[in-house]
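Each protein sequence line maps, in turn, to chains A and B.
Here the first sequence stands for residues 1159 to 1225, numbered as in the working numbering.
Here the second sequence stands for residues 1077 to 1720, numbered as in the working numbering.
Please note: incorrect hints may appear among the correct ones.
Stated by the list, open to error - Have a look at the derived ranges for each label pair, beta carbon to beta carbon:
#1 A:Leu1184 to B:Leu1417: 38 to 44 Å
#2 B:Ile1237 to A:Leu1220: 17 to 23 Å
#3 A:Leu1184 to B:Asn1541: 41 to 47 Å
What the hints assert, rightly or not - If you only want the chain A side, here are some residues facing chain B, beta carbon under 10 Å, derived:
#4 Thr1162
#5 Val1173
#6 Pro1175
#7 Thr1216
Calculated from the structure, these hints are not laboratory results.
No residue lacks a Cβ here, since even glycine has one placed at the ideal position from N, Cα and C.
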Amino acid sequence: MTHTFRELVIGGVLVAPLIWYAVAALVVVLVLRPILNLVGFSRIFSNPSIAELSLYVTVLGLLVLLF
Amino acid sequence: MTVIDRGAFRPWGFPLASWAFAIRIWIAAVVAVYLSFWLELEAPSSAILTVAILAEPTRGQALEKAAFRLVATGIGVAASIIITGIFSQTRDLLLIAFAIWLGLCVYVSGLLDGNRAYAAVLSGYTVAFLAVGQIDNPAHVFESSMARGAAIVIGVLSVTIINDLLSAPDRHPRLAAQLDEIHRRIRDCAKQTIFGEIIKPVTYAALIAEIVALRPEIASLTVESSSGPARGAAAQNAATALVAQLHALRALGALPPIAEATTRENILRVLEAADDHGPSAPQAAGLLAAQGDTNGMVATSTWTFRELMRRDQQVRENLAALRGDRHPPWRWRTLRHRSHLTSAESGVRAAIWFGLAEAFLAYAGWSAASGSLSLVGVVIGLGAVTPNPRATTALALVTAPIAGALAGIIEFFVLDGVSDFPLLAIALAPLIVGAALVMTSANRAVSVVARLSLIFAVSIFAPTNPQTYNAQSYLYSSLFVCIAIALLLCAQLLVPPVSGLRRRRRLVASAQSELAQAPLWDRRHRPEEEMFRDAIRIGEIISAGGGVTSNTGTVEEALSHFDQTSAIRLCIDKLKAIANGPSDTDVRAALISRDPLTLLNAARTLRAASVDNPALGDLSATLVVLSLFIEAARARPQNIREAA
């Protein structure tokens, strides 16, 4: 089964669908931030910045897979 | 920018942290260029330029700048399309519209600070890049906007990912250390004041300037990580509490010194004990009260010392919250003083400079003049976020030939016709690593020259796939960079920027008018937040005068207004807390009259009634402090005229 992507056209310019996913993943991660702070996400990992980047990549991957 | 550890390993005189920063920027630049080539973007030079602009030593600062760069580019693209759409058939009107837009953006940037101000000017010079750059081909504005936007996104992603993967340092540990150091110095001043030494106004002003200079960096904590908002709130509170502590210290300094040596020693011991065991204000209050109170000054000293210790505790609590990634129990906002008149004047002047450059270049009729005009917009924008735009232009004029030479050496001596990407990456290393290293220098002028050299050199070199190695195009680019900046400097000599003296006068006048309007019974903000805003004004006065010591009279005047206005606000706050208390009308009348004797009488009445209600005692002491501040201000000569 092939995954179909909705096309994003701005003023006649075709933009890669990944842009939508990247923006949506950013919004999801931003919404998750207060919860991450509440559970002490930055204290769990030795390198919190890589952990947050990995979380972003995971959310992005899930969005691409599911939608 | 970086913490310099004496005795540590320092290759070529730069600490390892600076080397790590420089290498991160080089890797990010190479990744950005590679991705732009791979994606066949139209403007790969915008990607590497973005990396050069986002070259900040900490993750939070780079991320915040990146976010503002994306937003501002979006606004600039929209403005370019609208302006070009409306005026594409009338070239003169189009150029006037660009000048007005740039002026508007410079005005907005004057009301903001840090990366927000940068975003405002970026919205302005994005128009210069996109619409002015495409002035002969308006139909191409949208496509070039998309190409520039895509390249900027690539640049932002490269910097962000490289900073994350290579563990770029966070700003908050160093910020906490800086706030801690300021706190320690304020406590030292407090100890000196207790011993009756007089602290010079320049010392207070220097401390205030250091605190408020941290405001833009505190704002960048929010984006640093998921704990960023908590840390940002704690740092804002700590900075505000430090300013409030300074105000309490000024109040302590205005009071008569403690006469008894034993009491002084004991109070000092209490203050030092607070370092380890928290505040012991009640103990100190007891010690002071033991001296016996005849004229209310001891009660006022007690209250002032308690206030100092309360602020000390607030600083301590918020620094602990900053270090422990916890939300502070309350939230103060670090308000910013906004000078609309000065910002508007700067905006008008920016529009005039751009207009003059436009007129000259249009009259000259050179074929590549649009590129030059774009650069005029960029330098106007970059200068607008510094205290002295003309000095920035002069620095840019010094930098432009250096950058041109560096770009020429890379293009025609180092690479000289090669087309392999690895060779391009290696050739870029000395330029980017060298410039980034020098950027970390403590000398601000050297750091600015290094940053501008990197930005100009990268934009002149403009990597493309394949590289053209066109000597004529290189010479034109270099020449027009120099012409643009020289032209702008001429325009700025003809119509000078708003002078430091004028800005200082306006700032002091605004402090005077605020004091004249006091007391304002219904205020939107907490007294501490407004204290911070007044402190920002003092910081602006210092930066407009070129330093703390160069305009002592104006600084003293501003400090005196800060003391009085803040004390009035504290009185109003305490008066509200004991609504409909005894002598309510008398206190209000005394505050309106701002007469020291009337204030002291109102304070005496309140003190008599304070046996059952300690809040009345607090208000009484605040009124005495206010009366002392007013007396001190009346005794001091009016320095504003001297400064003028």
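Hints, verified against the model:
The given range of 38 to 44 Å is respected by Leu1184 (chain A) and Leu1417 (chain B), whose C-beta atoms sit roughly 39 Å from each other. Separation of Ile1237 (chain B) from Leu1220 (chain A) is about 19 Å and conforms to the stated range, judged on CB atoms against 17 to 23 Å. Remark: the range hint 41 to 47 Å for Leu1184 (chain A) to Asn1541 (chain B) is contradicted by a beta-carbon distance near 29 Å. For Thr1162 (chain A), the shortest C-beta to C-beta distance to chain B is roughly 23 Å, which exceeds 10 Å, and the interface hint is violated.
For Val1173 (chain A), the interface hint holds, the least distance from its beta-carbon to any beta-carbon of chain B being 8 Å, beneath 10 Å. Of the supplied interface hints, the one on Pro1175 (chain A) is violated, with its beta-carbon coming no nearer than about 15 Å to a beta-carbon of chain B, more than 10 Å. Taken as an interface hint, Thr1216 (chain A) does not check out: its beta carbon lies about 14 Å from the nearest beta carbon of chain B, beyond 10 Å.
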